[in-house]
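Student: Take a look at the letters that make up each chain.
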Amino acid sequence: MAAAARENYYIKNTLICLLKAVEGKVTTVELRNENTVTGRVDHVDGYMNISMSNVCYKSYRGNVTNFDSFFVQGINVRYVHIPDEIDMRKAMEKYIKLESDAQNKVQKRIRDAAMKKIKKRQEAVLKAEKKQEEKEETVKQSTDKVADQT
Amino acid sequence: MSLDERIYVKMRNERELRGRLHAYDQHLNMILGDVEETVTTVEIDEETYEEIYKSTKRNIPMLFVRGDGVILVSPPMRTGT
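Each protein sequence line maps, in turn, to chains A and B.
Residue numbers for the first sequence, in my numbering: 4 to 153.
Residue numbers for the second sequence, in my numbering: 464 to 544.
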């Protein structure tokens, strides 16, 4: 559970949110070892690990191999080409909105709980005061009675 | 700051990038637009043993750069300065 939270943190707080926008598109990833992988990006995770399908793996020497599915470890990525049709601003806004919505939800919950507590306390105080008043009332009544008798 | 300005990035493996900085984060992952990559290699002549510097250039419209390859970021240096 903590691992997923960490990944989500990375996705929302770094530029990986932009790589998430490339999911589903065909693009080229250049690796640290100078080889390039061109294909459809299936999934990008918080550590920049990229899983792709239908790839064409070109070595720097020019050797080409085709694979149906391919997985690149995040640390081996040097560049990711961003296809022109992606609207970066929209993609980043989407993730920023997700993050701010989640934060607002949590803050609202905290606020509601605090209000509830305050209300409860106020009611308890009111009740105590009422009881005190009633007590004084009965005491007053009994002293009046005694005064009437004498 | 330098957002949407042209910058010069020096990277590991004798690479340099010149492009327009669109976004960056705390790891120095960057989005560069209209980028020109220069790879510099040194070859040693077998007979004269002198060093020959060769550089290869490439143009890419929009590039995501992983931060761990970045050494430094600066405003563009005009060649010669």
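In case anyone wonders, no lab produced these hints; they're calculated from the structure.
Glycine residues also receive a C-beta, built at the ideal position from the N, C-alpha and C atoms.
Treat the hints with care, since some could be wrong.
[What the hints assert, rightly or not] Simulated crosslink set (DSBU-like; lysine-lysine; CA at most 35 Å straight-line):
1) A:23 x A:148
2) B:520 x A:61
3) A:15 x A:108
4) B:473 x A:123
5) A:111 x A:93
6) B:517 x A:97
7) A:108 x A:123
8) A:15 x B:517
9) B:473 x A:23
10) B:517 x A:138
11) A:97 x A:119
12) A:148 x A:134
13) A:28 x B:520
14) B:520 x A:111
15) B:517 x A:100
16) A:93 x B:520
17) A:138 x B:473
18) A:93 x B:517
19) A:123 x B:517
[Said to hold, decoys possible] Listed next, the stretches of chain B that the computed footprint assigns to chain A, with coverage defined by at least 3 CB atoms under 8 Å from CB atoms of chain A:
20) 507-520
21) 526-534
Student: Please go over all the hints and tell whether each is borne out by the structure.
Tutor: Taking the hints in turn, this is what the structure says about them:
1. At roughly 84 Å between alpha-carbon atoms, residue 23 (chain A) and residue 148 (chain A) are farther apart than 35 Å, so this suggested pair is violated.
2. Restraint check: the Cα-Cα separation between residue 520 (chain B) and residue 61 (chain A) comes to about 18 Å, which is no more than 35 Å; the hinted pair holds.
3. In summary, the hint linking residue 15 (chain A) to residue 108 (chain A) is supported, as the alpha carbons are separated by about 16 Å, within the 35 Å threshold.
4. With a C-alpha separation of about 62 Å, the suggested pair residue 473 (chain B) and residue 123 (chain A) falls outside the 35 Å cut-off, and the hint is violated.
5. The straight-line distance between the Cα atoms of residue 111 (chain A) and residue 93 (chain A) is roughly 26 Å, inside the 35 Å bound, and the hint therefore holds.
6. Between residue 517 (chain B) and residue 97 (chain A) the alpha-carbon distance is near 44 Å, which puts this suggested pair outside the 35 Å criterion.
7. For a cut-off of 35 Å, the pair hint linking residue 108 (chain A) to residue 123 (chain A) stands: about 23 Å separates their Cα positions.
8. In summary, the hint linking residue 15 (chain A) to residue 517 (chain B) is not supported, as the alpha carbons are separated by about 41 Å, beyond the 35 Å threshold.
9. Note on residue 473 (chain B) and residue 23 (chain A): the hinted pairing holds, with a Cα-Cα distance of about 26 Å set against a maximum of 35 Å.
10. At roughly 99 Å between alpha-carbon atoms, residue 517 (chain B) and residue 138 (chain A) are farther apart than 35 Å, so this suggested pair is violated.
11. Taking the CA atoms of residue 97 (chain A) and residue 119 (chain A), the gap is near 33 Å; set against the 35 Å cutoff, the hint holds.
12. For the hint pairing residue 148 (chain A) with residue 134 (chain A), the CA-to-CA distance comes to about 21 Å; that is within 35 Å, so the pair holds.
13. Restraint check for residue 28 (chain A) and residue 520 (chain B): the C-alpha separation of about 26 Å stays at or below 35 Å, so the hint holds.
14. With a C-alpha separation of about 53 Å, the suggested pairing of residue 520 (chain B) with residue 111 (chain A) is violated against the 35 Å cut-off.
15. For the hint pairing residue 517 (chain B) with residue 100 (chain A), the CA-to-CA distance comes to about 47 Å; that exceeds 35 Å, so the pair is violated.
16. In summary, the hint linking residue 93 (chain A) to residue 520 (chain B) is supported, as the alpha carbons are separated by about 31 Å, within the 35 Å threshold.
17. Distance restraint check for residue 138 (chain A) and residue 473 (chain B): the Cα-Cα separation of roughly 83 Å exceeds the 35 Å cut-off, and the hinted pair is therefore not satisfied.
18. Between residue 93 (chain A) and residue 517 (chain B) the CA atoms are separated by roughly 40 Å; this puts the pair beyond 35 Å, and the hint is violated.
19. Taking the CA atoms of residue 123 (chain A) and residue 517 (chain B), the gap is about 78 Å. The hint is violated against a cut of 35 Å.
20. Coverage of the segment 507-520 of chain B by chain A is violated. Counting CB-CB distances below 8 Å, 0 residues qualify, and the rule asks for three or more.
21. With 6 residues carrying a beta carbon less than 8 Å from a beta carbon of chain A, the segment 526-534 of chain B meets the three-residue requirement, and the given coverage holds.
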